[in-house]
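Enquirer: So you can see what is in the structure, the chains are spelled out below.
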Amino acid sequence: MAKLFYNADQLDSTGDVSVLDTLHSAGFLIPSSCRAGLCHACLLRADEGDIPALAQKGLSETEKRQRLFLGCQCFPVTDMKISTPDASRTVQARLLELSMLTQDVMRLRLKADVDWFPGQYTTLWKDASLGRSYSIASHPVRDGFMELHIKRYPDGMLSRWLAEQVHVGHELEISLPRGSCFYTETSSHQPLLLACTGTGLAPLYGVVQDALGQGHQRPIHLFAAAGTPDQLYLVHELRLLEQTYSNFHYYPVCRRNAQPNMQEGDLVELISNRYKDLKGWKVFLCGSPMAVKKLQKKCFLQGASMSDIHADAFESPLARSA
Amino acid sequence: MSLYEKLGGEAAVTAAVDIFYRKVLADDRISHYFDSVDMDGQAVKQKAFLTMVFGGPNNYTGKDMREGHKHLKGLNDTHVDAVIELLGETLKELGVGDDDIAQIAGIANSVRDDVLNR
Ligand SMILES: Cc1cc2nc3c(=O)[nH]c(=O)nc-3n(C[C@H](O)[C@H](O)[C@H](O)COP(=O)(O)OP(=O)(O)OC[C@H]3O[C@@H](n4cnc5c(N)ncnc54)[C@H](O)[C@@H]3O)c2cc1C
Ligand code: HEM
Ligand code: FES
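Sequence lines, in order, name chains G and U.
For the first sequence, this note's numbering assigns the number 287 to the initial residue and increments by one for each residue that follows.
For the second sequence, this note's numbering assigns the number 23 to the initial residue and increments by one for each residue that follows.
No wet-lab data here; the hints were simulated from the structure.
The structure displayed is predicted, hence computed values, not measured ones.
Check before you lean on any hint, since a few could be wrong.
As the list claims (entries may be wrong) - Beta-carbon label-pair distances, calculated as ranges:
id, chain 1, residue 1, chain 2, residue 2, range
1, U, Asn80, G, Met287, 49 to 59 Å
2, U, Gly117, G, Met443, 33 to 43 Å
3, U, Asn80, G, Gln352, 35 to 45 Å
4, U, Asp60, G, Gln352, 23 to 33 Å
5, U, Asp120, G, Ser346, 21 to 31 Å
6, G, Ser473, U, Leu47, 48 to 58 Å
7, G, Gly566, U, Leu47, 31 to 41 Å
8, U, Gly31, G, Asp336, 14 to 24 Å
9, G, Arg351, U, Asn80, 40 to 50 Å
10, U, Gly84, G, Pro440, 31 to 41 Å
11, U, Asp60, G, Met287, 16 to 26 Å
12, G, Pro440, U, Asp60, 43 to 53 Å
As the list claims (entries may be wrong) - A short, non-exhaustive set of chain G residues, derived as facing chain U with CB atoms under 8 Å:
id, residue
13, Asp336
14, Arg351
15, Arg353
Claimed, not checked - Result set (BS3-like, lysine-lysine): computed pairs, CA atoms no more than 27 Å apart in a straight line:
id, chain 1, residue 1, chain 2, residue 2
16, U, Lys28, G, Lys583
17, U, Lys45, G, Lys583
18, U, Lys114, G, Lys562
19, G, Lys584, U, Lys69
20, G, Lys289, U, Lys85
21, U, Lys114, G, Lys289
22, U, Lys95, G, Lys580
23, G, Lys579, U, Lys69
24, U, Lys85, G, Lys565
25, U, Lys45, G, Lys289
26, G, Lys412, G, Lys437
27, G, Lys565, G, Lys343
28, G, Lys580, U, Lys28
29, G, Lys584, U, Lys45
30, U, Lys45, G, Lys350
31, U, Lys67, G, Lys584
32, G, Lys367, U, Lys67
33, U, Lys28, G, Lys350
34, U, Lys114, U, Lys95
35, U, Lys114, G, Lys583
36, G, Lys367, G, Lys397
37, U, Lys67, G, Lys565
38, G, Lys343, U, Lys92
39, G, Lys565, U, Lys45
40, U, Lys114, G, Lys350
Where is the CB? At the ideal position from N, CA and C, for every residue including glycine.
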């Protein structure tokens, strides 16, 4: 059994419990959110001991050299001496606008003095311990504001608070944007396949507009899936883009009650039947974890290179710990 | 120059992981061991495996290999043979010479007893 040394305390750790959970069980307040290695809220430093590779996945070279690691992804193999790094950086963002895109998807526009690539995500904090990640649909310069699409859950700790307590003009606290779901010029020679469920459209809308804005000439295929037609959004805007750019195609998909200009069925099946050879394609997948992970595997098996698949599973910390 | 450097280091591992992992997932003999939904996590471990058998830097001990595989039910020699076979095919596709392939298979083979927990 490996031992963890944190401040003056010594804790026992079994390899199947994460450092984050071990510290939480012992009563230490370590910030965390996604518990899936995505938001980086749980960043810790190993002053001694081996850091398993998984615990540093997605960290920058600088962060790795500082021996930082993600507490929620660290299953110790040796004794470790751990400390909390200098407070992770958050900034203030002012709410400019709040409107509804569907019956339960909110659109927030924020003014924040930070930079990002459309499609990255930020973490929005209600207080020091309750934060949730949201992806960015807008461009920092072209749009000048940060746009988020947030699904409201009736008992959602963050989304309900936003819907009921937060008003235009309020200052919100957000983490610096991160993540690798964005367009780069290095893909200018590749066809793009983008597929999402629900608010997974937020980052993909950002990526599509950025790619078109950068003059991407190869095909861009966007599949946006929802349960029923009234849960689809930005349909009009996307149809307009389709009319403007001949290489861009928008395919709305519904599980049920599809209208004539939509496809009906399961997103994963539709994609795997239609794209038999994805060699050379760049693939972006966002939204429900189940759909994203299935698509990730399908697309890989059908020829896309692992490094060409960007998958943001919208993990929910409560669903994971349940 | 070490075997790992000769093959091209981390870049070689990155090139090999795509081909190797696709073969593993498509192989009925062993795919069920790798079928977890968390592909990113699996990819990290595939890289660890390839780095190790390429003779690259790693901290794995025989004990780690025992620990890391003992939860895989029914693992036996045929599975190790399959992994080594797919590894060989992968390296061939990448243009690695027969001598180097034999050396890499040898490294994989050297932990057979640990992996099979005997
Ligand atoms: C990298 C990343 C990017 C994300 N981007 C977005 C985004 O752009 N837009 C967006 O709306 N969300 C996004 N999410 C999800 C978001 O972070 C929250 O998980 C979600 O908003 C729920 O938070 P909450 O506090 O409102 O609900 P919670 O209080 O966390 O959960 C309330 C209840 O709803 C259930 N629940 C929560 N999420 C789901 C779900 N997906 N399906 C079914 N039940 C659920 C929970 O199990 C719980 O019972 C993203 C997540 C990650 C990790
Ligand atoms: C041939 C020699 C082998 C070597 C050198 C080897 C090496 C490794 C290494 C280094 C890891 C990563 C450990 C970690 O960091 O967690 C690993 C994990 C794994 N190996 Fe092997 N392995 C071998 C054979 C096999 C075989 C034959 C199978 C099954 C067919 C297998 C299945 C797995 C699985 C499923 C994991 C991930 C375990 C988990 O999910 O935690 N390995 N292996
Ligand atoms: S990365 Fe660990 S809680 Fe989000």
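Enquirer: None of the hints should be skipped; say for each whether it holds.
Expert: Verification of the supplied hints:
{"no.": "1", "hint": "U:Asn80 <-> G:Met287: 49 to 59 Å", "in the structure": "violated, 23 Å"}
{"no.": "2", "hint": "U:Gly117 <-> G:Met443: 33 to 43 Å", "in the structure": "violated, 54 Å"}
{"no.": "3", "hint": "U:Asn80 <-> G:Gln352: 35 to 45 Å", "in the structure": "violated, 21 Å"}
{"no.": "4", "hint": "U:Asp60 <-> G:Gln352: 23 to 33 Å", "in the structure": "holds, 26 Å"}
{"no.": "5", "hint": "U:Asp120 <-> G:Ser346: 21 to 31 Å", "in the structure": "violated, 39 Å"}
{"no.": "6", "hint": "G:Ser473 <-> U:Leu47: 48 to 58 Å", "in the structure": "violated, 25 Å"}
{"no.": "7", "hint": "G:Gly566 <-> U:Leu47: 31 to 41 Å", "in the structure": "violated, 20 Å"}
{"no.": "8", "hint": "U:Gly31 <-> G:Asp336: 14 to 24 Å", "in the structure": "holds, 21 Å"}
{"no.": "9", "hint": "G:Arg351 <-> U:Asn80: 40 to 50 Å", "in the structure": "violated, 19 Å"}
{"no.": "10", "hint": "U:Gly84 <-> G:Pro440: 31 to 41 Å", "in the structure": "violated, 53 Å"}
{"no.": "11", "hint": "U:Asp60 <-> G:Met287: 16 to 26 Å", "in the structure": "holds, 25 Å"}
{"no.": "12", "hint": "G:Pro440 <-> U:Asp60: 43 to 53 Å", "in the structure": "violated, 29 Å"}
{"no.": "13", "hint": "Asp336", "in the structure": "holds, 6 Å"}
{"no.": "14", "hint": "Arg351", "in the structure": "violated, 15 Å"}
{"no.": "15", "hint": "Arg353", "in the structure": "violated, 14 Å"}
{"no.": "16", "hint": "U:Lys28 <-> G:Lys583", "in the structure": "violated, 31 Å"}
{"no.": "17", "hint": "U:Lys45 <-> G:Lys583", "in the structure": "holds, 13 Å"}
{"no.": "18", "hint": "U:Lys114 <-> G:Lys562", "in the structure": "holds, 25 Å"}
{"no.": "19", "hint": "G:Lys584 <-> U:Lys69", "in the structure": "holds, 20 Å"}
{"no.": "20", "hint": "G:Lys289 <-> U:Lys85", "in the structure": "holds, 18 Å"}
{"no.": "21", "hint": "U:Lys114 <-> G:Lys289", "in the structure": "violated, 43 Å"}
{"no.": "22", "hint": "U:Lys95 <-> G:Lys580", "in the structure": "holds, 24 Å"}
{"no.": "23", "hint": "G:Lys579 <-> U:Lys69", "in the structure": "holds, 19 Å"}
{"no.": "24", "hint": "U:Lys85 <-> G:Lys565", "in the structure": "violated, 39 Å"}
{"no.": "25", "hint": "U:Lys45 <-> G:Lys289", "in the structure": "violated, 38 Å"}
{"no.": "26", "hint": "G:Lys412 <-> G:Lys437", "in the structure": "holds, 16 Å"}
{"no.": "27", "hint": "G:Lys565 <-> G:Lys343", "in the structure": "holds, 25 Å"}
{"no.": "28", "hint": "G:Lys580 <-> U:Lys28", "in the structure": "violated, 36 Å"}
{"no.": "29", "hint": "G:Lys584 <-> U:Lys45", "in the structure": "holds, 13 Å"}
{"no.": "30", "hint": "U:Lys45 <-> G:Lys350", "in the structure": "violated, 31 Å"}
{"no.": "31", "hint": "U:Lys67 <-> G:Lys584", "in the structure": "holds, 19 Å"}
{"no.": "32", "hint": "G:Lys367 <-> U:Lys67", "in the structure": "holds, 24 Å"}
{"no.": "33", "hint": "U:Lys28 <-> G:Lys350", "in the structure": "holds, 25 Å"}
{"no.": "34", "hint": "U:Lys114 <-> U:Lys95", "in the structure": "violated, 30 Å"}
{"no.": "35", "hint": "U:Lys114 <-> G:Lys583", "in the structure": "holds, 24 Å"}
{"no.": "36", "hint": "G:Lys367 <-> G:Lys397", "in the structure": "violated, 40 Å"}
{"no.": "37", "hint": "U:Lys67 <-> G:Lys565", "in the structure": "holds, 23 Å"}
{"no.": "38", "hint": "G:Lys343 <-> U:Lys92", "in the structure": "holds, 24 Å"}
{"no.": "39", "hint": "G:Lys565 <-> U:Lys45", "in the structure": "holds, 15 Å"}
{"no.": "40", "hint": "U:Lys114 <-> G:Lys350", "in the structure": "violated, 33 Å"}
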